[in-house]
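Number of protein chains: 2
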Amino acid sequence: MKVLITGGAGFLGARLARTLLKRERLSGKPIDEVALADQFAPPRDLLADPRVRALTGALMEQSAKLRGEIFDTVFHLAAAVSAECEADFDLGLRSNLDSTRALLEAVRAAGNAPRFIFSSSAAVYGPDPAFPLPAVIRADTLPTPQSSYGIQKFICEQLVADYTRKGFIDGRNVRLMTVVVRPGRPNGAASGFFSGIVREPLNGQEAICPVAAETRVALASPARTVEGIIAVAEASRQALGGRVALNLPALTVTVQEMLDALEAIGGAKARALVRFEPDPMIARLVSGWPAVFDNSRAQALGLEPDPDFHSIVRAFLAERAAGPILLH
Amino acid sequence: MKVLITGGAGFLGARLARTLLKRERLSGKPIDEVALADQFAPPRDLLADPRVRALTGALMEQSAKLRGEIFDTVFHLAAAVSAECEADFDLGLRSNLDSTRALLEAVRAAGNAPRFIFSSSAAVYGPDPAFPLPAVIRADTLPTPQSSYGIQKFICEQLVADYTRKGFIDGRNVRLMTVVVRPGRPNGAASGFFSGIVREPLNGQEAICPVAAETRVALASPARTVEGIIAVAEASRQALGGRVALNLPALTVTVQEMLDALEAIGGAKARALVRFEPDPMIARLVSGWPAVFDNSRAQALGLEPDPDFHSIVRAFLAERAAGPILLH
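Note that the protein sequences, when read in sequence, are chains A and B. Per this note's numbering, the first sequence starts with residue 1, numbered consecutively. Per this note's numbering, the second sequence starts with residue 1, numbered consecutively.
The following block holds chain A by itself, in its conformation from the complex (with noise of 0.2 Å):
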């Protein structure tokens, strides 16, 4: 089993590499090779496992490397982020769209139609002025993207389903919910915050939320995220239903209830370190995003949402006493 994970050395490639070279298997089939294509080299402790290859550089470059190359599996986590894109439209394009399009004719070259899964994001789901948002989104609900990194998000699902149609690969889109807490530093994503604002003030550092108290949030840890990431890679066709985009299974909580979650655990001093200051741009884009869904076809493949969010911070902490969490 040869394994492909763009992005590879980012916070969610890394993470997914880590726990797929501790499973050893994907799919019931021993894991031979993890090769992680970034733009940076991976983490130390990736780069020493004599199963992974790393593969530096931008996307476009490494896909044209990789004409043809089979493997059995291909995670394509690789994007430019959402605050990126608003900035640099034509970066978006050639990031997201132009980049994913290449990886696919790269894959589709090799001719052995491999199980190719795109991680998209819940930032398809926006509310266009004339057609609001239900209450709840389920697997049905038209996405109107309101920024550009939804709308890129969204063309690419609409490939990777043609793709998969045609044969060209056994492609399956899962869209990530706003992971929460990430490590490391801020990485420009407009969801950014919802992680600062529980890692800093663990960390002894002021924090800054853009967003008012009741906004809401649909979120993730980082371990469900990459659990769902490899439950829909595993999953038979069937299993799947269809070539709509997956949701994978949301928490919803507020920012007040975050911060609630942060004292009682962090205690009031790392509380008192988050401090209010709307920004505006952040604000309209992350109030466009859908805070309810329903789970239930994420949980038929077995997957649910983290039980709440006190446990996500005790996870990061658990997580960070183990050791230092290698970035790039």
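Derived by calculation from the structure, the hints in this document are not laboratory data. Check each hint, because a few of them may be wrong.
As the list makes no split between identical chains, a pair holds if one copy fits it or if it spans any two.
[What the hints assert, rightly or not] With a straight-line Cα cutoff of 20 Å, these simulated DMTMM-like cross-link-like pairs (lysine to aspartate or glutamate) come out:
{"#": "1", "residue 1": "K269", "residue 2": "E206"}
{"#": "2", "residue 1": "K22", "residue 2": "E33"}
{"#": "3", "residue 1": "K166", "residue 2": "E86"}
{"#": "4", "residue 1": "K269", "residue 2": "E234"}
{"#": "5", "residue 1": "K65", "residue 2": "E105"}
{"#": "6", "residue 1": "K2", "residue 2": "D72"}
{"#": "7", "residue 1": "K29", "residue 2": "E234"}
{"#": "8", "residue 1": "K2", "residue 2": "D49"}
{"#": "9", "residue 1": "K166", "residue 2": "D90"}
{"#": "10", "residue 1": "K29", "residue 2": "D49"}
{"#": "11", "residue 1": "K166", "residue 2": "D88"}
{"#": "12", "residue 1": "K166", "residue 2": "E84"}
{"#": "13", "residue 1": "K166", "residue 2": "D128"}
{"#": "14", "residue 1": "K65", "residue 2": "E263"}
{"#": "15", "residue 1": "K2", "residue 2": "E257"}
{"#": "16", "residue 1": "K2", "residue 2": "E69"}
{"#": "17", "residue 1": "K65", "residue 2": "E33"}
{"#": "18", "residue 1": "K29", "residue 2": "E304"}
Add chain B to chain A, keeping to what the hints say.
What follows is chain B alone, placed relative to chain A:
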């Protein structure tokens, strides 16, 4: 007022051009120029009009030449048709997706954010294995395209929506129903026979119907289709209601009802010229297209479906009697 029509030498493009030239005005302004971009030269009657400018060549190259030129309204009708795209995946992506991106970039470079009407298609709707279409398609029904043509149209809708949100264009996505009766010869569209089974017998020629008599189709006459495209171009953004594509009004008929109208108007001899000869590829594509639409959003713009199929057949005969329908 300078107007650009891509696919301007095709059946619908030429008809749109004739209608605009006859109206002399669009959006309340006199029309000074109608540029017809197409791989073919425009029909003679259009070339003879001093307001017409022919831009003959591939859209990709035309877009490079037109980059930055100011048009007030752009009608983007050019596309590879459904059966072509299904037979040649790469051609479809190039002709429909890449050319549309090139055109959008050309128009964006002009900086005047013109009205940009993208002709999408009811073919964006198809039955995903696990997401059967509802009995009636509404404005917020999730498209799950089951053809490369439908996927490409849906992707371009997303691009048009985002270029609009960013202020690069004032874009409007309009989904055309199957247009019947098309004059001229079959054009390689999977839906082409819907015109053929009326047009050919009325011309004394045999026609083959590749689907069963009970097959239902959502269709519109050429006149109503062009009327709808112009109404969408002239509508205020508020009247349009959001950036989600607008489904033009549809008349739902069965093949049997079409043949009954043919016999009522053209006689038993005409009817006898139609032979049923099933084509599984065409039948699979067409049976996946939805046949019943909720027309209320289009009706709010003042658009109505054709009243019945008899009137469509009579209009075709009246136009044919008025003189040859000029095609390239």
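Status of the hints after comparison with the structure:
1. K269 / E206: For K269 and E206, only the intra-copy Cα distance (11 Å) is at most 20 Å; the inter-copy one is 85 Å.
2. K22 / E33: within (13 Å within a copy, 67 Å between copies)
3. K166 / E86: Classified as between: cross-chain Cα gap 9 Å, same-chain 32 Å, threshold 20 Å.
4. K269 / E234: Close neither inside one copy (44 Å) nor across copies (59 Å); limit 20 Å.
5. K65 / E105: within (12 Å within a copy, 29 Å between copies)
6. K2 / D72: Classified as within: same-chain Cα gap 5 Å, cross-chain 53 Å, threshold 20 Å.
7. K29 / E234: within (11 Å within a copy, 59 Å between copies)
8. K2 / D49: Intra 14 Å, inter 63 Å, cutoff 20 Å: intra-copy only.
9. K166 / D90: between (29 Å within a copy, 12 Å between copies)
10. K29 / D49: Within one copy, since 18 Å is at most 20 Å while 69 Å is not.
11. K166 / D88: Between copies, since 11 Å is at most 20 Å while 33 Å is not.
12. K166 / E84: between (32 Å within a copy, 14 Å between copies)
13. K166 / D128: Between copies only: 14 Å across, 31 Å inside.
14. K65 / E263: neither (49 Å within a copy, 61 Å between copies)
15. K2 / E257: neither (42 Å within a copy, 56 Å between copies)
16. K2 / E69: Answer is within; shortest intra-copy Cα gap is 10 Å, inter-copy 50 Å.
17. K65 / E33: within (17 Å within a copy, 48 Å between copies)
18. K29 / E304: Neither. Shortest intra-copy (25 Å) and inter-copy (58 Å) distances fail the 20 Å Cα cut-off.
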